[in-house]
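Colleague: Chains as they are written, first to last, in the working numbering: chain A, 1 to 187; chain B, 1001 to 1165.
It is possible that part of the hints are untrue.
Said to hold, decoys possible - Which residues of chain B face chain A? A few of them, derived with a C-beta cut under 7 Å, are:
{"no.": "1", "residue": "G1053"}
{"no.": "2", "residue": "A1056"}
{"no.": "3", "residue": "H1129"}
{"no.": "4", "residue": "A1133"}
Source of the hints: derived by calculation from the structure; they are not laboratory data. All C-beta atoms, glycine included, are put in the ideal place defined by N, C-alpha and C.
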Amino acid sequence: MIRSEVLKSLIPVITDQLVVCNIGLPSQELHQLDDQPSNFYMLGTMGLASSIGLGLALAQPQPVIAIDGDGSILTNFGTLPTIANNVADNFILLIIDNGSYGSTGDQPTYAGGKTSLSAVASACGCERVIECQAEQAAATLQAALDANEMTVIVCKCESGNITVPVIEMDPVVIRDRFMNEVRTRNS
Amino acid sequence: MSINAKIVTDLVTNNVSFVTTVPCKQLAGVIDGIEQCEQIFHIPSNKEDEGMGLCAGAYMGGKRAAIIMQNTAIGVTINTLATLIQYYHIPLPMLISYRGEIGEPVACQVEMAVHTKALLAQLNIPTYHFHQADDIAEFDGILKYCFMSKKPVAILTDASFWKGA
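Same shape as in the complex, but just chain B (with noise of 0.2 Å):
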C-alpha cells in the first residue's frame, strides 16, 4: 500500500470524515487522496487558522477532523491553537509537510523550517516527525493518541519521508 493510501485508510479507520486542507507540493497525492475517498468530506481552506476554524466545528458536530497543511502554517495559527483547540480542549490530527529539511530547493522553507520544532515545543502541541517511509506505521496510533488526548498533534512529514513514498 502506498503512503498516501494508508494515510487515507488509518484517518477512515479512526472514523475521520471531515479533513481540510491547504495544499503543499509535498502534499498533493495525499490531498487527491482524501478528495477521491467516499467516507472523507474535504474542505479546502483558504487559510490554515480558517480550516481549524471549520474542524472546530465540525468535531462539536460529532465528527472527527483532521487538517492537512504545510509546515509555514505554525506560524499563521499559533493563536488559533492556543485559543481554541487547546483553550476548548479539541482533538486536532495536524499533518504537516515539513518543508525546509535536507532535500528542499527552495531556500525560504529553511527559514521556517528552523522554527518549527520549537513552535510546536513551546506550545506543547505531541509531535511526530516522519523521516523515513516506515514510519507511516505510527499514523493510525497517533491519530488514537490524539482523540483520546483532546489535543491538537503535529505529524511532520520530510521530505525524506516523501520520496520514499
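For reference, chain A alone in the conformation it holds in the complex (with noise of 0.2 Å):
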C-alpha cells in the first residue's frame, strides 16, 4: 500500500476527528478522499504538524491527530522530546512512514535507510508507541482513540504517489472553519 491507499483506509476512522495533516501530497489526498471543517491543512511550513497537532491538544479536550510523515519529523526531530515530556493524553501523532519525500519525487529518507523512528521515539521519552505496517493502519489508529492515551503510530507503507489537485482553499477559510469545529466540539 502506499501513503494515498493508507489515508483513504483510515477514512472512517478519522472522518469524525480533529486532523492536523502534512503538507503537500498528504494533504491534498485527505482533501479529495473527504474534505471537512475538521480537517486543517498544511500548506507550507514542512516538519510541524505535529507541534500544531500537540498545540492544539494541549489548549482543549477534543482528540486530536497528527498525520505526518517521515521526511517532515526527519525536519523537525526536536518536536519528539516536546511530545514526550508534555503528555497529552488526547494527542495522536500518525506518521505515515513511506521512506520517502513524496511530494517532491520520492527522494529516500534516512527513515527508510538504517533509522527507526519509532525507536527514536521511545528514546525521546514517549512512552507508547506503535508500529505497524499499512494494512493495520486503521486498526492501530482506532486503538489508540480508544486506549484514550497519547500515541505516536509509525506505519510502514511503500513509497509512491497519485495525482491529486492542489488545495485552492485560502488558508484563513482553511483555519477559520476549523477553529469554528473546535469551538463547536467544546461547547
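Once you've looked at the hints, go ahead and assemble the two chains, each given alone in its own frame, into the complex.
Modeller: Below, the structure written as C-alpha cells:
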C-alpha cells in the first residue's frame, strides 16, 4: 500500500476527528478523499504538523490526530522530546513512513535507511509507541483513540504517489472553519 | 513592580495562557516568571519554528499564545512566519531578546543584530524596540494590538532595557 491508500483506509476512523495534516500531497489527498471543517490542511511550513497538533491537543480536550510523514519528522526532530515531556492523552501522532520525500519526487529519507523513527520516539521518552504495517493502520489508529492515551504510531508503507489537485481553498478559510469546528465541539 | 513581573502580569491580563520559550541569558528572569505563573501553561521548545507551530495549534484550540526567544531566531523562523503565522492570520506576540546591541559582550551576536530589524521590516512585521526600562509601559497595548490585528508582532528588548530592570 502507498500513502494515499493508507489515508483512504483511515477515513472511516478519522472522519469524525480533528485532524492536522502534513504539507503537500498528504493534505491534498485527504482534501480529495474527505474534505471537511475538522481537517486542518498545512499549505506550507514543512515539519510542523506534529507541533500544531500537540499545541491544539494541549489547549482543548477533544482528540487530535496529527498525520505526519517520515520526512517531516526528520525535519523537526525536536518535536519528539517536546511531545514526550508534555503528555496530552488526547493526542495521537500518526507518522506515515514511506521512507521517502513523497511530495518532492520520492527521494529516499534516512527513515527508509538505518534510522528507526519508532526507536527514536521511544528514546525521546514517548511512552506509547506502536509500529505497524500499512494494512493495520486503521485498526491501530482506532485502538489508539480507544486507549485515550498519548500515542505515536509509525505506519510503514510503500513509496509512491497518485495525481491529486492542489488545495485552492484560502488558508484563512481553512483556519477559520477549523477553529469554528473546534469551538463547536467544545461548547 | 519588576519588568519581569510586569511582563507576566500583562500576559495574564490579556488572557495569554500558553507560552513557549527558547532560552536566552537576558530572558532567564521572565522565563522563570512564566514557569511560576499558574495561569500560564509553559512549554519549552527545542527550536523556535517548532514553538510557533505549538502556538498556532494552541490558538486554534482557543488559547492566546506567545513566544519568547532570542533575535537569532528570526533567521530560523522566516519560513514559518510567512507560510504559517502570516498566511493563516494567526496572532503571535514575540518577546525577543535583542542581543548584539550596546552592552553586548559576545561579538558574534552582533552579526544577527545588524540584520534583525531589516528582516522584520522585510516581513512587514510590526516591530517595537524596548531600550529604556520605562518602555515596558507599552507592552499591554502591543499585546492588544497583536490580537486585534491577528498578526505576528515583534518586541525587541535590548541589554540597556534589561539593565534597567
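Colleague: Run the structure past the numbered hints and jot down the numbers of the failing ones, going up.
Modeller: Numbers 3 and 4, in rising order.
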